[in-house]
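Student: Protein sequences appear in the order of chains A and B. The first sequence begins at 1 in full-length UniProt numbering and counts up by one. The second sequence begins at 1 in full-length UniProt numbering and counts up by one.
One should not assume that every hint holds.
Straight-line C-alpha distance at most 27 angstroms; calculated DSS-like pairs for lysine-lysine [unchecked claim]:
#	chain 1	residue 1	chain 2	residue 2
1	A	Lys181	B	Lys737
2	A	Lys313	B	Lys459
3	B	Lys716	A	Lys111
4	A	Lys313	B	Lys41
5	B	Lys735	B	Lys713
6	B	Lys41	A	Lys181
7	A	Lys111	B	Lys43
8	B	Lys43	A	Lys313
9	A	Lys111	B	Lys459
10	B	Lys94	A	Lys102
Hint data in this document are derived by calculation from the structure and do not stem from the laboratory.
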Amino acid sequence: MQADIELLVFQDTAHYLSHAVKAQTISVKLPDARIESYTRVDNTKTVGSEIKYGPYENLPPFSYSPIVVHFESNQPFAVAEELVREIEISHWGNVQVTEHYKFVHGGAQSKGEFSRLDYQAGPHVRGQYAIRRLVAKLPPRAHSVYYRDEIGNISTSNLWSDSKKTELEIEPRYPVIGGWKTAFTIGYGLPLHDFLFQSDGKRLIGLTFGCPMNEVVINTLIVKVFLPEGSRDISTKFSHLDIAGRPVVVLEKTNAVPEHNQKFQVYYKFNSLAMLMEPLMLIPGFFFLFVAGIVCMHVDLSISKSSASYLAKLQWDEVQATIQQIQHIINRGLVIHDKLEASLCDLSRTGDIQACKAARKAADGSLK
Amino acid sequence: MVGKPISEHVNGGTNTSKTTSPKPFSSDLLSNLSFKTLKLKTKQQELLIRVSILCLVYVLAFITRLFSVLRYESMIHEFDPYFNYRTTLYLTEKGFYEFWNWFDSESWYPLGRIIGGTLYPGLMVTAALIYWALRFLRFAVHIREVCVLTAPFFASNTTIVAYLFGKEIWDTGAGLVAAALIAICPGYISRSVAGSYDNEGVAIFALLLTFYLFVKAVNTGSLAWSLASAFGYFYMVSAWGGYVFIINLVPLYVLVLLITGRYSMRLYVAYNCMYIVGMLLAMQIRFVGFQHVQSGEHMAAMGVFFLMQVFYFLDWVKHLLSDTKMFQAFLRITVTCAVGVGAVALGLGTASGYISPWTGRFYSLLDPTYAKDHIPIIASVSEHQPTAWSSFMFDFHILLFLFPAGLYFCFKRLSDATIFIVMYGLTSMYFAGVMVRLILVATPAVCLISAIAVSATIKNLTQLVRAKDKVPQTGSTKGASSAKGSSKGSIDQSQPFQKNGAIALLFGAFYLLSKYATHCTWVTSEAYSSPSIVLAARGAHGNRVIFDDYREAYFWLRQNTPPDAKVMSWWDYGYQITAMGNRTVIVDNNTWNNTHIATVGRAMSSYEDEAYDIMRSLDVDYVLVVFGGVTGYSSDDINKFLWMVRIGGGVFPVIKEPDYLVNGEYRVDKGAAPKMLNCLMYKLSYYRFGELTTEYGKPPGYDRARGVEIGNKDVKLEYLEEAFTTSNWIVRIYKVKPPNNRW
Numbered sequence: 001m002q003a004d005i006e007l008l009v010f011q012d013t014a015h016y017l018s019h020a021v022k023a024q025t026i027s028v029k030l031p032d033a034r035i036e037s038y039t040r041v042d043n044t045k046t047v048g049s050e051i052k053y054g055p056y057e058n059l060p061p062f063s064y065s066p067i068v069v070h071f072e073s074n075q076p077f078a079v080a081e082e083l084v085r086e087i088e089i090s091h092w093g094n095v096q097v098t099e100h101y102k103f104v105h106g107g108a109q110s111k112g113e114f115s116r117l118d119y120q121a122g123p124h125v126r127g128q129y130a131i132r133r134l135v136a137k138l139p140p141r142a143h144s145v146y147y148r149d150e151i152g153n154i155s156t157s158n159l160w161s162d163s164k165k166t167e168l169e170i171e172p173r174y175p176v177i178g179g180w181k182t183a184f185t186i187g188y189g190l191p192l193h194d195f196l197f198q199s200d201g202k203r204l205i206g207l208t209f210g211c212p213m214n215e216v217v218i219n220t221l222i223v224k225v226f227l228p229e230g231s232r233d234i235s236t237k238f239s240h241l242d243i244a245g246r247p248v249v250v251l252e253k254t255n256a257v258p259e260h261n262q263k264f265q266v267y268y269k270f271n272s273l274a275m276l277m278e279p280l281m282l283i284p285g286f287f288f289l290f291v292a293g294i295v296c297m298h299v300d301l302s303i304s305k306s307s308a309s310y311l312a313k314l315q316w317d318e319v320q321a322t323i324q325q326i327q328h329i330i331n332r333g334l335v336i337h338d339k340l341e342a343s344l345c346d347l348s349r350t351g352d353i354q355a356c357k358a359a360r361k362a363a364d365g366s367l368k
Numbered sequence: 001m002v003g004k005p006i007s008e009h010v011n012g013g014t015n016t017s018k019t020t021s022p023k024p025f026s027s028d029l030l031s032n033l034s035f036k037t038l039k040l041k042t043k044q045q046e047l048l049i050r051v052s053i054l055c056l057v058y059v060l061a062f063i064t065r066l067f068s069v070l071r072y073e074s075m076i077h078e079f080d081p082y083f084n085y086r087t088t089l090y091l092t093e094k095g096f097y098e099f100w101n102w103f104d105s106e107s108w109y110p111l112g113r114i115i116g117g118t119l120y121p122g123l124m125v126t127a128a129l130i131y132w133a134l135r136f137l138r139f140a141v142h143i144r145e146v147c148v149l150t151a152p153f154f155a156s157n158t159t160i161v162a163y164l165f166g167k168e169i170w171d172t173g174a175g176l177v178a179a180a181l182i183a184i185c186p187g188y189i190s191r192s193v194a195g196s197y198d199n200e201g202v203a204i205f206a207l208l209l210t211f212y213l214f215v216k217a218v219n220t221g222s223l224a225w226s227l228a229s230a231f232g233y234f235y236m237v238s239a240w241g242g243y244v245f246i247i248n249l250v251p252l253y254v255l256v257l258l259i260t261g262r263y264s265m266r267l268y269v270a271y272n273c274m275y276i277v278g279m280l281l282a283m284q285i286r287f288v289g290f291q292h293v294q295s296g297e298h299m300a301a302m303g304v305f306f307l308m309q310v311f312y313f314l315d316w317v318k319h320l321l322s323d324t325k326m327f328q329a330f331l332r333i334t335v336t337c338a339v340g341v342g343a344v345a346l347g348l349g350t351a352s353g354y355i356s357p358w359t360g361r362f363y364s365l366l367d368p369t370y371a372k373d374h375i376p377i378i379a380s381v382s383e384h385q386p387t388a389w390s391s392f393m394f395d396f397h398i399l400l401f402l403f404p405a406g407l408y409f410c411f412k413r414l415s416d417a418t419i420f421i422v423m424y425g426l427t428s429m430y431f432a433g434v435m436v437r438l439i440l441v442a443t444p445a446v447c448l449i450s451a452i453a454v455s456a457t458i459k460n461l462t463q464l465v466r467a468k469d470k471v472p473q474t475g476s477t478k479g480a481s482s483a484k485g486s487s488k489g490s491i492d493q494s495q496p497f498q499k500n501g502a503i504a505l506l507f508g509a510f511y512l513l514s515k516y517a518t519h520c521t522w523v524t525s526e527a528y529s530s531p532s533i534v535l536a537a538r539g540a541h542g543n544r545v546i547f548d549d550y551r552e553a554y555f556w557l558r559q560n561t562p563p564d565a566k567v568m569s570w571w572d573y574g575y576q577i578t579a580m581g582n583r584t585v586i587v588d589n590n591t592w593n594n595t596h597i598a599t600v601g602r603a604m605s606s607y608e609d610e611a612y613d614i615m616r617s618l619d620v621d622y623v624l625v626v627f628g629g630v631t632g633y634s635s636d637d638i639n640k641f642l643w644m645v646r647i648g649g650g651v652f653p654v655i656k657e658p659d660y661l662v663n664g665e666y667r668v669d670k671g672a673a674p675k676m677l678n679c680l681m682y683k684l685s686y687y688r689f690g691e692l693t694t695e696y697g698k699p700p701g702y703d704r705a706r707g708v709e710i711g712n713k714d715v716k717l718e719y720l721e722e723a724f725t726t727s728n729w730i731v732r733i734y735k736v737k738p739p740n741n742r743w
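Next up, chain A with everything else stripped away, as it sits in the complex (with noise of 0.2 angstroms):
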């Protein structure tokens, strides 16, 4: 039932295994003091949440005595069944993260009927183990931040970021019990500089292993680094205007804890000369299509040179010419009336004849 404990049971073995040892003990502690139950061997002592096997001595080497704990524990396990992180490096600036999580509660498998109602009541009523939120730690700097999965964006995600990191909050559609599945894909992109290096000809870029989440465990990791167009071929992705695809880098680990997270490099050479290949191509692009443009604007595509429409439409063209060629004429001979009139005006006011006459002449001039 959703209402239920959670009880775990771990397994383990009460000697070390592969050596000859003198004396040992183990102490299994445990979130909480209520215990299921628990394999009782020689020299096993309870205190409050722990369990204390040994001291033991002078065991041989392979002895085996196992012990099984069964005890409750509230706490979600998060468990990504399998995670996908493919960084997609440009050279005009940006590194691409794209995660994309296979997601299981990994604690029990719920019984019974989930109740919203019940579930609303509160967490920690009746000891509810559901993952209800994740914290991701991104790097500094890191922009343009999306929380999604196949059907479209999740809106239940929140975005801090300082100087020092960005810290993205998100929930999953739906809370997340035990045996519960969920899938979603983070992605964002980070500013190229703080990752990228160049030693001797060598493009070298350092980025994080593992999961930005803590309290995670990846059953199958997968990184894959798709360099820029223009290396040698390993696999090959297309994105925006790819000719011959990307080489891919696919890094792969099974078992994978918050403290693989270590810094890895891939070291390749590119020609900064590459990256313009892109641009490149769409100026030839665009450069044939106005000129295809222009083109078809221009040529005579018309079949039969004799057809009456055909006819019509160039009788239109040679009508729509001489009537713009008249008009022009017309609102030239427009000016020069009107210059003439004025002139006359200034005659008839200050009488200089010579001036009119000048005027006249200029008009019959331009008039012929």
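Dock chain B against the given chain A, drawing on the hints supplied.
Tutor: Structure of chain B alone, referenced to chain A:
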């Protein structure tokens, strides 16, 4: 002395920046040069202005539809688009033949659905082609983005077609106005915002294109245009069931032309070519098949086709016979024979079942009350309701008043083309009145006719204004000239009032049009951009609260149920469950099997034990109900419940509507009918709701959607158990328990 100032005046506007020192001669030369190079021919200027206006309108039509992406996200909206998206995804992944032969076992369990034969593939193929083209050009787009932006893209294309159409029926100005009007008309935007990936998105483009090409064909009598319109018709048939409108409007139009004595060879060529080629092409769509020759809805077109032949024959005979009397007799005999043969053929066809009778949807268009009485499943859809006046006003705004004015102008200058647009406008307005969703079909006609009104009015007004303006303009070239002003003044005096009136009217038109633009933008951003999957509300502090419960539930289904689980829900959510939840559904929005839907309706309205038997027989694993009682979301299953009862009762008479009503009143509180309080839908919606306090100061179990305290607070489930409820209780999913062990 006179020459100089003039040349300087000409320079003044264009050339001051180029010639820093005003030297008369060189500046004169320069000015001539620059003027000639700068000055385009009037034709080119006009072309430049026209093209730039069209480009702006094109961009505007696209970006005004992006509100939904800005407000929410790049996602598919509503119900049907999810099916379209799912099939498009399938098409791009598996290729066309797989898509065409797809038998979908995930819907209509256990019947399944033959997808290729029961859908209009135009939209999916279009989106897939765009996707493949972009992929070929090395743009790494996701198919979802292509689907989301398909409708705005086609809306932009529609503006171009509207321009051409307006140009064809009136003039260039009307075309430009029509393009601008249709770009932002809410009636069209409602179905073509980004994410509204539905058939109508491309179909309106195809509809208008077909009409434009047909009118062009009628105007020119050209076989090429007529063929083009046949292909336009083919695209329309492949995209939307609304093609029936074309295949009935065009014959009607031809008939009107015949009756009004406008029969011509142009019409003969245009209609025959369009009808025959269009019909043959349409038969290639499997969903349509041979309906063009077998269904009653398409018989009008065929009848008119034969009528055209009779007309042509009569024309020929008239040409041969010089005697009018003989021709009159011949005419009478031929017409009688033709009509008789047609009637007999139709009667025989209908009687033998070769010609199928009209479908219910068609009837409900002609008779608005038909669906209510006979087909509850059509009447239950809100977009099939008759249109309210307010929604006309909402969707058309000033176009509603410009429409009659445009009709007036059309009648004043009657031609084949204007007759067509008038008929298109009037018939589609009637249909828009019958069904809300058909406002969409009327929108292009309304925009075009209004554009004629606007364009013609403004043209007249500007002519008036410019007639006066010419005087100061010619005067200005000369400078201040008192003599000329006075000489022209005598002419102007005759109409000073007209001039001012024209200016005032121009301002009025400008005001109205800007109001229209404001209204359209407001409607688009506020009313038509909601995806309806994600609900948004204003919180107490004015902040935006998002209810993403649908996707929460669908994603839960997708992740936490067995892959072969069958989900029963009311048919509204079928497409979404298959597309987002990736699970098999019993019924979905393709309401092809009324009995199946009625079975689900019956299960929902039965007592739990009876419902359990039905659900067992349908292999149901999960039941999904939508419940708005916590959030006050009113379009939930309890409010739709009476339709389930009606549809269920339509097939299974055990379900009787009065059992769920009290004195004809539908209620869920203490006074509700006992059957209502114990039916499956009630139980599933209100399970454990009685323990929840939804609103401060109200008793527990207060239903906020209906504003009452529920009548049955102690709901016990025997055969089902709660599997999941979303954070705002909007979607509740129950698991059907396996049968008890017998021993």
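Student: Hints first: check each against the structure and report whether it holds.
Tutor: A quick look at each hint next to the structure:
no. : hint                : in the structure
1   : A:Lys181 / B:Lys737 : holds, 21 angstroms
2   : A:Lys313 / B:Lys459 : holds, 26 angstroms
3   : B:Lys716 / A:Lys111 : holds, 19 angstroms
4   : A:Lys313 / B:Lys41  : holds, 18 angstroms
5   : B:Lys735 / B:Lys713 : holds, 21 angstroms
6   : B:Lys41 / A:Lys181  : violated, 70 angstroms
7   : A:Lys111 / B:Lys43  : violated, 79 angstroms
8   : B:Lys43 / A:Lys313  : holds, 14 angstroms
9   : A:Lys111 / B:Lys459 : violated, 76 angstroms
10  : B:Lys94 / A:Lys102  : holds, 25 angstroms
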